[in-house]
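Take the sequences, apply the hints, and build the full model.
Now for the letters of each chain:
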Amino acid sequence: MRKLASVFGGTLLLTLAVAFLVRDAAATRQGATAVNDSLIAPTLTPSDSAALKGPRQPIFFRHDIHAGQYKINCQYCHYSVSVSSEPGIPSMGTCMNCHLVIGGTDSTAQREIAKVREAYNTSTPVEWNRVYFLARHAHFPHMRHINVMGPNACATCHGDVTRAPQVFKVNNVNNMGFCINCHLERNVSRDCSVCHY
Amino acid sequence: MDETQDKGMDRRRFLTVLGVSGAGTAALTGCSTDRVQKLIPYLVQSEDQVPGIPTWYASTCTECASGCGLHVKTREARAIKLEGNPAHPVNAGKLCARGQAGLQSLYNPNRVRGPQKRQADGGTTDVAWADAIAELAAKATAAGGKVAVISGAGRGTFSDLLATWTAALGGKVVRYQPFDHEPMREANRQVFGVDGLPAHDFASARFILSFGADFLETWLAPVENQRGFAASHGFSDGTMARHVALAPRMSLTGMNADEWFAIVPGSEAAIALAMAQVILAERSSAPSDATALRGMLAAYAPDQVAQQSGLTADQIRLLAREFVSAGPSLAVAGGIGSQHAGAAQVCAAVNILNYVAGNVGRTVRFGADLDSSDGYAALASLQQEMDAGQIAVLLVHDANPVYALPKSSGFAAAMAKVPYKVSTALVLDETAALCDLILPQSHALERWDDLRPRAGVHSLMQPVMEPVFDTLAPGEVLLRVAKAAGGPLAGLQAASWDEYLKTEWQGVARNRGAGNFATFWVDTLANGGLFDETAAPAAVRLAAGAAQVVGTAPAFVGEGEFLFAPSASPMLYDGRGADKPWLLENPDPVTKITWQSWVEIHPETAADLDIREGEILRLVSESGSIEAPAYLYPGVRRDVVSAPLGYGHTNFGAYATGRGANALDLLPAPNGAGFVSYVSTRVRLEKTRRYQKVAKTEGNTRQLGRGVAEAMALGAAQKGLTPEEAHHEEAGGAAHEINTPRELDAIAGFAAAQKAATLKGNYAGEHPQWGMTIDLAKCTGCSACVTACYAENNIPTVGESEVLRGREMSWMRIERYYEGGHEGEPLETRFVPMLCQHCANAPCEPVCPVYAAYHTPDGLNGQVYNRCVGTRYCSNNCPFKVRYFNWFAYNKKAFPEPLNLQLNPDVTVRARGVMEKCTFCVQRIRGAQNEAALEHRPLRDGDVVTACAQACPSSAIIFGDRMDPESRVARSAADPRGYHVFEETNVRPSVTYLAKVLNGAEA
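Listed in order, the protein sequences are those of chains A and B. Numbering-wise, the first sequence is residues 1 to 197 according to the numbering used here. Numbering-wise, the second sequence is residues 1 to 1003 according to the numbering used here.
In short, the hints are calculated from the structure, not lab data. Check each hint, because a few of them may be wrong.
[Said to hold, decoys possible] Some, not all, of what chain A presents toward chain B, calculated at C-beta under 8 Å: (1) K53; (2) H78; (3) V83; (4) P90; (5) G93; (6) N97; (7) H99; (8) E118; (9) N121; (10) S123; (11) N129; (12) R130; (13) F133; (14) H137; (15) D191; (16) C192.
Nothing here was measured: the structure is a model prediction, and the numbers come from that model. Glycine included, each C-beta is placed from N, C-alpha and C at the ideal position.
Structure below.
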């Protein structure tokens, strides 16, 4: 048993219980020159995900590898966040844009990527477990917030997913105080009917 | 074909279950996030769907024959709202209640979910499409030409294909719509020698005379008529047209008349001819060929006609003079509610009247060639063949003749003699219930199709979403049958119906000289079709038949003290609306009755017979009897009783079946006539001494001096008087004060305190102040806004029993008040759309203990559902009764699968125990603000259009920012006719009504 501590969103400590951790030599070799060592995501297996915070997903998709290590822009997958109130969940086709050729370097990654390909080829989209759910009597226009606060403002609510092997609920977005605090700080409308209708 | 379709389904399937779109909005959850929810991505991102952003498709409405253009709003690949296509020449962006309710036909839980085959025991069993098509192909080829088709589909590529397909089999097609206009066509043939229906220009007519034509309800193209009517009859630039209605019953059209004359049923033709006689006798400017009619018309001098018509000779002369001096004028006839055996002669007489007044070619424009069907005569002759066993295979498409024809016609019995019957019904209706094979068609919003409702208009339809159920486009069925059958149908080869339609359109493109078909197709599709400028009206002359027009009243069959005159329901139309909760709950504009049928009887007659409202009356004719509760209606003649058409289905899904009485049951068989005479029989009225509460929403029929629906004479409006001043002038009395000086003092002080309060927090700074004006001179009470509001705001329908308890949730309702009508005074009707007035000084706000009702900085009377604890104090304190309490979880019953797919994801679905009301479509305001913010620009006037304002065919509703002096709403609210309801309460509403203008008779 090894314990790995990492800092989330500048404030949160996440303790990960990891059964065993083997650094994949190939991944390190490839990324070593280009990527800051601290951004190289640890190698985990799906069985580790049970011990991670947040709901276990049908595919062990790792934001820390995609957004952290490879620095893929959030909006590559969450494509509608700057134009729509909905951020957009990437289609299986979006996954296949890369995973048509990227098959993974270690057995864990290969197994998970195989699931993506399988889902795409058999036309059965993955059913992700939802992490953030805003009550339906509140309306949150993502695009307004992204346009004001910049494309990297996602972390304000969702935490720093570039370091999260598995996404979990960093902030309770249904806690209205969480919204109001920010609106007070920035002196923007606290009128009820701006969000509730 | 199968493969491509399956693939297409995967690409575009709507898979978001919860959250990405809020698709499961039927259940309102609290803040709890414990439940595991799934996010299901698209397999491949659709190019034209972005979650959270609506995608609009242009299409065509199929709820009646007028062929209005649609813009279909879809979210995440499901249609959620229908609006008019502004580019379409018929409706110009507007849509009636029936058209908007087309969505409930798409998502109707009673729809047939897949092909079915009749079993020996009478039940049905599911079959595969391939098997069903093979069976039909085999039967059709084996029939040896004894094939017949009854089709209610409009004129278009499909009806052409259907004709080719049937002709190849040696059979025949009868195109049939119950509300066809056979008498008008017959009259046009007789008087002008023209076979077709003209367009009518209500917008430029200065005097509109209706001989029982319900042009605001079901007559020809109601939305187009209403647009024109509002343009001419709405008060603008100091002038307005005059509208007089002549009919035994005051329909919605009659209610919008400046004068309604309850003429003797059947005397319409004589009156029209008498007017023509007066015009020809007094004017020399009549067309030269019309003078030849002088001899024929001599028999219809006003003095002779007066006795039998219910009008005095002077009234007829006055009408004739007004008619001819207000050029151009327009007389219309041929409504369902006055279709008696002499209806063709009425239309012919009105043709002559229009001709002698010089309206033909001006307001009556031949050459428009409005779509109409083959008429009842063709169906009757097919029925004879069926009866004689000469038809082996019958295909019924988009028609329900078993219901729509009087039972006495014997159609069902004739149909039973056909050995093999096929239906393409959306919902298993009375006709489909007799069929051996049911091949459910895809709804018009789920398929490719087109319509040619009139000359120069090619209106397209495109699938806006995947079919909800296992259905096929009817054209696809025909082509697959052709492929399977071969033989005579071998010539009909196309890969698919989509390809077939495109090939036809390639021809259209070639004819227009369009170079690149792909560009042409995309542009045309986005436009909604091809809309060519209407050519100059075809010139018509009087034909020889004009001299043979007779004005004798028809004979009515049967004994009994009352004549039975059914009315065409503006909601249910020919009965097809009866399976849509929106239309059943939207009160009948005339009687304000929901969910049930009724019998209209004049209050004085009722008093004589000791009949009270709600007593179940039995009407008995020679052909049958019906029972329905009495409704006392001052707008019906004392010797006439009326009942609405469209109710009394025996097999038409759960909503319609067994609801109300079918007025057609009273009618005698239309033997030998070219059309069904709806007004043809006398009835005996029997009291049952049983009572039923009438589920009506009208409240009090009189204003009792409350000043809700103000009106003023044309003269006063022309002088620019306010309603208040107009009252003074009329009364000739001293100024009436709304508030005493002490009250005014208090008001001023209160206003100052309020002003001080608005300088804090969110309220500081400049905000728009949303407001609305409603022009009662244009409002016809048609209730299109009501359905628009239901569709936009996820308002649940509550059903008959809850309406009886006064719990209907109609955020927007049309109040109807009578004026006059006592002791021979003329009866006047006023309509007031009543919605939350968003009072600046709202009485509901201070009484809410939890601040759920509060005032927003932008002038809305906000209602925060998640704060509301349901004390209902706000409703008690509202002077307008526009707050509606959700007593039960109405949303759970109102939207059974798949009706819930229609719900607007931008609007909270309210749970039980919550007060709700009109929000001025706050979701549209926020949407427009978001859009403007993304484009870094301020909101412009017209960016926000509420659902009611968008739908209103009269354009009576204007919405916008009252603080912007240049906005349309601010300019409109400054009209001297503007007033606030209950001004004296000092609630300072944001809704300004513009008083109705009455155009009385010239002295």
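Do the hints match the structure? See the list:
| no. | hint | result |
| --- | --- | --- |
| 1 | K53 | 15 Å, violated |
| 2 | H78 | 10 Å, violated |
| 3 | V83 | 7 Å, holds |
| 4 | P90 | 6 Å, holds |
| 5 | G93 | 4 Å, holds |
| 6 | N97 | 10 Å, violated |
| 7 | H99 | 14 Å, violated |
| 8 | E118 | 13 Å, violated |
| 9 | N121 | 10 Å, violated |
| 10 | S123 | 5 Å, holds |
| 11 | N129 | 6 Å, holds |
| 12 | R130 | 4 Å, holds |
| 13 | F133 | 5 Å, holds |
| 14 | H137 | 4 Å, holds |
| 15 | D191 | 5 Å, holds |
| 16 | C192 | 5 Å, holds |
Violated hints for the displayed structure, listed by number in ascending order: 1, 2, 6, 7, 8, 9.
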